[in-house]
Amino acid sequence: MSLTCGTASAFDDANMPARIASVFVLLVLSAAGAFFPLLAVNYRFFRIPDTVIYVTRYFGSGVIVATAFIHLLGESQDSLSHPCVGDFFSDYSWAAAFSLMGVVTMFTIEAFTHRRMDHQNRQFLSHDEECASDIDKNDCREVTTVLAVESRDECGVSGSSLSDLDVTKPPQDTFLKALVSIYLLEFGIVFHSVFVGLSLAVAGREFKTLFVAICFHQFFEGMGLGARFATANWPAHMKKTPWLLSAAYAITTPLGIAVGLGVRHLYLDDSPTSLIVVGVFDGFCSGLLIYNGLVELMARDFINDPQMKKTSHGRFALAYMVFLLGASMMALLGKWA
1 MSLTCGTASA
11 FDDANMPARI
21 ASVFVLLVLS
31 AAGAFFPLLA
41 VNYRFFRIPD
51 TVIYVTRYFG
61 SGVIVATAFI
71 HLLGESQDSL
81 SHPCVGDFFS
91 DYSWAAAFSL
101 MGVVTMFTIE
111 AFTHRRMDHQ
121 NRQFLSHDEE
131 CASDIDKNDC
141 REVTTVLAVE
151 SRDECGVSGS
161 SLSDLDVTKP
171 PQDTFLKALV
181 SIYLLEFGIV
191 FHSVFVGLSL
201 AVAGREFKTL
211 FVAICFHQFF
221 EGMGLGARFA
231 TANWPAHMKK
241 TPWLLSAAYA
251 ITTPLGIAVG
261 LGVRHLYLDD
271 SPTSLIVVGV
281 FDGFCSGLLI
291 YNGLVELMAR
301 DFINDPQMKK
311 TSHGRFALAY
321 MVFLLGASMM
331 ALLGKWA
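Numbering (this note's numbering), first residue to last: 1 to 337.
The set of hints was computed from the structure by calculation and includes no laboratory data.
There are no misleading hints in this set.
Taking lysine to aspartate or glutamate pairs in the EDC-like style, the calculated list, with each CA pair at most 20 Å apart, reads:
{"hint": "1", "residue 1": "K208", "residue 2": "D13"}
{"hint": "2", "residue 1": "K177", "residue 2": "E110"}
{"hint": "3", "residue 1": "K335", "residue 2": "D78"}
{"hint": "4", "residue 1": "K309", "residue 2": "D50"}
{"hint": "5", "residue 1": "K177", "residue 2": "D305"}
{"hint": "6", "residue 1": "K310", "residue 2": "D50"}
With the hints as extra help, turn the sequences into a complete structure.
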């Protein structure tokens, strides 16, 4: 390990007005990207065609997938393979290992969530069968109590035919599965955004180039997140949640910049501790986004989504092309940010 690693801050107070301004510029751009889809969906005042929301959603999906591979996993590899880190991390593909941990974590959470929801759904269907065959409505309500399943209108049927019943899945089923995915997607991107802000605050000669690249990075990434929030079916008691999640994303990079400026003479971006912390978090968060991107944003949206199966070839091609465009643009930005 070089003796010059992490011995002193190389920050020279250059471009301080621009660094301070970057806090507010990135706050505005991050918020614009994240809130734009929500405003477009919830307020007709903006009069944005549905096609624009459609394009934004799949463009954002491409951005998120590229962020996982190019920005998070790539930066994790750069940090953990830095000469200042030491031989321990250079002897093994630790970035890929931490990414794998993120993938397994995401898979474990989603797998057990799905099993729990499926178990509750089976109870729901079994209960409806009891209601269909039971003439006495009071007995049916007793079954409801035993199963502890919420179903307000379970006994409001006449006759004993199961075909007269609506035995579709409870609405909570699909939403709770989607909610887990949304929260983990937010977690991975927000953690990464903090480190993006820190790195910009203490950047040296490359500050101007990095600043421009991060402006585009944050705006496109915000659009990707905002589009997922805007197209989710939020229940009435959670209508504020997508706005709060978007606000959390908008403030994280500016917060990282502010913290970085506050400790600019103390923070050593080439110290072993800093490199390892950034490398571990970027690697783990890349795994969360890789799983989410491949399973939710690609396989589920393009292959398994019932609406996509019924859409026209032209509309499918549009989604596919803007997905590739989003991924390509974000991958290109990875050269500078």
